[in-house]
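> Assemble the complex: chain W is given as a structure, and chain P must be docked to it using the hints.
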Amino acid sequence: MDKDFKVYKCRCIVKGSCSGEAVVSKDPMCFYLCDPKTGTVIERNHAIHGRSIAGKILVLKSGKGSSVVQVDGFYQLWVKNNLPAAIILIDTEPVIVSSAVMVGCTMVDRMETDPYKVIENGDHVEIDADNGIVIVTKKINNSGITN
Amino acid sequence: MYLTDEEKSILDGRHGVGNMKAMELLVALGKAFDAEKLIPISRAHVALSGQEGDTYWCELLVDGGARCKVPPTTNPSWDVETLTKIYDVTENERELGERTIDVYRRIGAKLTFCCAPGLGTNVPFLGEHIAFSESSATPYVNSVLGARSNRESSVSALAAAVIGKTPYYGFHIDENRAGDFLIDVDAEMGDPYDWGILGYAVGKIAGTRIPVIRFNNLRKKPRPEDFLYFGAEAATSGSVAMYHFVGITPEARTIDDAFKGKKVPPSEALIDQAALNEHGAAISVGETGAINLVMLGCPHYTFDQIIEVEKLMDGRKVHKDTAFWILSSIDTLVLAERSGISQRLERLGVRIVADTCIDEPCWKSFEGGLGVTDSPKCAYYRERRGQPFVVRRLSQCVEAAINGRVM
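Taken in order, these protein sequences are the chains called W and P. Heads up: the first sequence is residues 1 to 147, going by this note's numbering. Heads up: the second sequence is residues 1 to 407, going by this note's numbering.
In isolation and in its complexed conformation, chain W is listed as follows (with noise of 0.2 Å):
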């Protein structure tokens, strides 16, 4: 398992390295729409909602919603320690970046390959921001083979 893993360069928005499980939404996000106090998703027929991105490594389409909002739903999270802990985002837009800046949330984007084709929920992700690398290794299903 250990030498299960694929190495990936990306570009860095906001510095940082962590690592985490994946929790992959295809639809952009408005973090105001986040329960704080969990990281839970609310926002209804939302790609991810329920789940929480407390901690994660969150694969994101993009970001949506007014910007001051926006803002806001970073800095709630950002309190009670429930950020996600960093973010690989597809397509890049001024707000999302704001907002993380603001609070110091790990960011990359232009992943080499579509992150959508290589990480899915539940695989532990690494990121070296500073030095521009993902590092994903798939999860193990219950046969204990990978996926």
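Keep in mind the hints are simulated off the structure, nothing from the lab. Treat each hint with caution, since some may be false.
[Stated by the list, open to error] Cross-link-like lysine-lysine pairs, in silico, DSBU-like; alpha carbons within 30 Å at most:
#1 K37/P with K64/W
#2 K37/P with K61/W
#3 K37/P with K9/W
#4 K61/W with K204/P
#5 K61/W with K31/P
#6 K64/W with K31/P
[Claimed, not checked] Partial list, computed: chain W residues near chain P (C-beta under 7 Å):
#7 I13
#8 S17
#9 S67
#10 V68
#11 V71
#12 D72
#13 Y75
#14 I90
#15 P94
#16 V95
#17 V97
#18 S98
#19 I133
Beta carbons: idealized from backbone N, C-alpha and C, even for Gly.
Leaving out everything else, chain P in the frame of chain W:
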């Protein structure tokens, strides 16, 4: 991204933590959008919100020693002194309101507390590079005045005001200001309400693209309030920060001008009177019956709009169970008082308040009841706070205020 030696030393923290944080944000944005460099700005407008996250960012900068190089004008928060005499708020809400005013004062902002800076307190010229946040202000200064601003967040606009610079990308660059698609409008267009409905319809089609609009039956050229309503709604239903009206806005003297030499595409949609009415009907659905509030001024009402309210009131009084508030800027309020219109309206039960947004805790005593407004944007944001609003043309809002009911 190219940085001068001075910019690098700010980024390295040699000018204090506040300046460093602001520079970090500008550089992160610049890198994210492949900006080649930073450019100086001559104006800024900050969408101060009175929300904790926003106030925190301003405190982080000012407590780290930062002051604004380009003093920005600010969005409304709420008039704590006046409104707490009338309505209940919690101690926390009051404290955050006061903290917000204090911190923006300390960082060196011009505390205009008005969401329509382009109409009076902060008016850029054609071609000026600026950093404006507030979703209804950005399309106005870009499209109507021809200034150059990206769709800034409150935090990035404040960082730009502190450093006096912004990354050179997006709408700062000429070719990125060209129209993306064409819409034909056959509707005649009347008061600002019609322009708001049109903006709502266009925003839905546009998404983040730049619309070029060709009017075929326009009776009169749009006034500032018309542009403001159009932009506010186009930025609510879509993310429009720039648009062109052929033959009207400064970068669209002709249709070729609007597309800046790109091939003019076939029209993507036709909005005639019937289509406009249909959009209007879709926006104005909802409850009818007894109301507890008529709220105008999202975006802030101008002096001319206040005159229009007095004309429509025609000496009649507001229903005893209904509050009638007009939100406006401090300069308009002072002018209305000096001209006597504010006192005349107050005798009829219509009050004007400055510095205040519809989306603030001071209005919560109306929650649970039904409100009436002429602004779809107001209805959209108030819904989140537990007060449904029905949207009506101004003349119908005034009738609702007098009857205490909306039809």
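> Could you run down the list of hints and mark each one as holding or not?
Going down the list of hints, with the structure as the test:
1. K37/P with K64/W: Judged against 30 Å, a Cα distance of about 26 Å means the pair holds.
2. K37/P with K61/W: With Cα atoms ~27 Å apart, K37/P and K61/W stay inside 30 Å; holds.
3. K37/P with K9/W: holds (25 Å)
4. K61/W with K204/P: Given pair K61/W, K204/P holds - Cα atoms ~20 Å apart, limit 30 Å.
5. K61/W with K31/P: Within the cut-off at roughly 19 Å; holds.
6. K64/W with K31/P: This hinted pair holds, its Cα atoms lying about 20 Å apart.
7. I13: holds (6 Å)
8. S17: violated (17 Å)
9. S67: Cβ of S67/W sits 4 Å from chain P, so the hint holds.
10. V68: This hint holds: V68/W lies near chain P, its Cβ roughly 4 Å from the closest one there, short of 7 Å.
11. V71: holds (5 Å)
12. D72: holds (4 Å)
13. Y75: holds (3 Å)
14. I90: violated (13 Å)
15. P94: Holds: closest Cβ of chain P sits about 6 Å from P94/W, inside 7 Å.
16. V95: This hint holds: V95/W lies near chain P, its Cβ roughly 5 Å from the closest one there, short of 7 Å.
17. V97: holds (5 Å)
18. S98: holds (5 Å)
19. I133: The hint is violated - I133/W has no Cβ within 7 Å of chain P, the shortest such distance being about 17 Å.
The structure is inconsistent with the numbered hints 8, 14 and 19, although it conforms to all the rest.
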